[in-house]
Every structure is written in C-alpha cells, then in structure tokens.
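> Position in the sequence shown (from 1) plus 1 gives the number in this note's numbering.
Note that these hints are calculated values from the structure, not bench results. Check before you lean on any hint, since a few could be wrong.
[What the hints assert, rightly or not] Estimated spans, in silico, between C-beta atoms of each pair:
1. I307 to P153: 16 to 24 Å
2. T305 to T155: 20 to 28 Å
3. G90 to L287: 20 to 28 Å
4. L52 to G90: 49 to 57 Å
5. F21 to T155: 53 to 61 Å
6. W131 to S67: 31 to 39 Å
[Stated by the list, open to error] Straight-line C-alpha distance at most 30 Å; calculated DSS-like pairs for lysine-lysine:
7. K158 to K55
8. K260 to K75
9. K55 to K70
10. K71 to K158
11. K167 to K71
12. K197 to K260
13. K167 to K75
14. K158 to K302
15. K167 to K273
16. K97 to K257
17. K97 to K167
18. K257 to K197
19. K302 to K55
20. K49 to K302
21. K146 to K75
22. K170 to K158
23. K273 to K170
24. K302 to K97
25. K260 to K273
26. K273 to K75
27. K158 to K146
28. K170 to K265
29. K258 to K97
30. K167 to K258
31. K260 to K97
32. K302 to K146
33. K71 to K55
34. K70 to K97
35. K258 to K197
36. K197 to K265
37. K97 to K170
38. K170 to K146
39. K258 to K273
40. K273 to K257
A virtual CB, placed ideally from N, CA and C, is assigned to each residue, including glycine.
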Amino acid sequence: FVEPIIFKTVCGESSYPDEFAALQSTILSLSNKHVVAELEQRGTQIRKDELRQKLQAIQQILGSHSAFKKAEEKWQIQWHSTTNQLQQGFAWPIQKLAAYYADHAADLISNPTTSVAQTDQTTKVLWDDWAQARFGDALDEFIVKVNELGLPVTPLKNQLAAVRTKAPKIVQAQSELYIRQALVNPGNVLHRSFLKVIRFCEIILPLAAISWVGYQVFVGYYDSNTTHDHYLGIDFAVHSSLLILISWLIPWFILKKLKPSLEKSALRGITKGLDIAVSMIDSEVLQIVENVTGLHTAQLKQITQITEECSAGDGYKPAKTGSDNPLARMLIS
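Using the sequences and the hints given, assemble the complete structure.
Pasting the structure below:
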C-alpha cells in the first residue's frame, strides 16, 4: 500500500469513539458497478499472473524436448556397455547349459512336463542374480543420467520397474525357443542338405550294388547253363560282397563323422536366443522412453497453451486514478 486508509473501530461495548461510520461510508461510496467490475478484473488478472508464473516454474522442472532425445542416446551407450559385460559373464553358463541340453535332448521330447521344470531351473543358471544385478545397475545408471539432463525421472522409474521383472522371462522364453529350434534342426542349411544327400546314397548305393551283383549272377548262371561252362567262382562272391559292403560303409562312415554336434547346436541356439532377448529388452526400454517422451511433449504443449491463454487475457488496464482516490489507496500496487 502506498498510502493506506486507516480506520479505527471498536468492537467491544465501550464509549470510546470509533470511525465505523466513516468506514461504512467509504465502502458504500466504492460499491458501484464500475468499481466492482474493475476489482473482479484485477483479481482475475492477478490469479492468471500467478498461474503463469507457476506454469513457467513447472516448465523449467520438466526440461526441454531435445533433452529426451539425448536420453535415448544415453541409454544406447549404457546398454552397449552392459551388453558387453553380460556377454563376458555368460560365457561359462552358456557352455554349461549347452552341455545339459545335449545330454537331455531326448527328455525334452519324451517327457515334456518334466522337461519344463528342468528348463526353468537350467535357464536360471543363465540369467542368474549376477545378470539381474548388472541389468538393474544399468537401469539405475540410466535414471541418474536422465536426472542429470534436468528431466523428471519419476515417470520413467515407475515404468522401468516392469522391465526389471520382465527381463528374466524374456531371456528364458527366447533361449528356450531357439534351443529347441537348434536341436530340431542341428547344423546349418548346407550341412543338413549334404547329409540328406549322403542318407540317400546310403540307401541307393547298396541297392545299386546289389542289383548289379544280382544281374551278374543271373547272366553268369544263364551263360554257364547254356555253354556248360564254369559257374561264377569264389572270387566273384568275395568281390561282390566287398562292393556291397563298401557301397554301404562309405555313406555310413560319412554320416557318423559329419553328424552335427547337439552341444554345438544347443550352444548356437542359446547364443541366438540371448541376442534376440537382449534386442527385445533394449526395445522394451526404448519404447518406455518413447512413451514418456510423448507424455512429456504433450504436457509441454498443454503448459504452453495455458500460458498463452493466460497472456491473451492481459487486456485489463486499471483506471487512472489519483493518489487521493480511495480505491487507489485501498489496493496493493
């Protein structure tokens, strides 16, 4: 107040003189429509100014939209480092798990109910407490970096909590899926195609040799019976037996030596499953960052829109009054 109006009033029962009548007279003199409308406009404008200041303060707390773009880059760098660390730690569990699946490949088919429980236990060897701790550290470090960018971390932290518990299930599902696929189709495509040709030869070559020997026996018997010459001797029998044996033995030997290793196939399946799981976890986190970015952008737009609406109502201009005007003396400047 520049020059406030002061009235002395007494509320108790006393004969002490007061200025209540002067107060009443001043209020009545100001209670016309123009003054009331001006007071309402002034109050509305003050509330708009307060709201605009609060929104500007909130906008500073929310940070900028470009900062969230940097948050994605921060996660990519953090996850790349964590992935390298996890791959180094997975070296021994992968070999152990591949050996287990190679030894129990038949059980996965013959006893599916029992194999499910065993698979759950063995998969925990892969994504153990150490791996879960490293993943949790990566998320915590990412949240710290987001906080350093001046962005709100509470929405991000709340949504990332679901990924913490979901990561082991993703690793288990993907590793088990690709292990089964690898055991069903061991080896690569070229290897399997070559083995199919050898299996075909394992049947066709002995049959061809037997057919040729049978034909020679029939022709020899016919010629000998016609010319009364000697029949086929022991040499022919020995060589024919060797031919049939070799025609079967060579494909069988190749199949035995080139049979795909179940352990190597399981190892390849686990590795592929882990790669897919790591990519899925990365996608889950990036999707959460994208969702939070969308919410952040929408909130910034709402704040900007409300701020502009508050500024659009700045048409209030107080009436020019002298310093001796009672209204000017009763309002805060």
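> Mind listing which of the numbered hints don't hold for this structure, in increasing order?
8, 24, 30, 34
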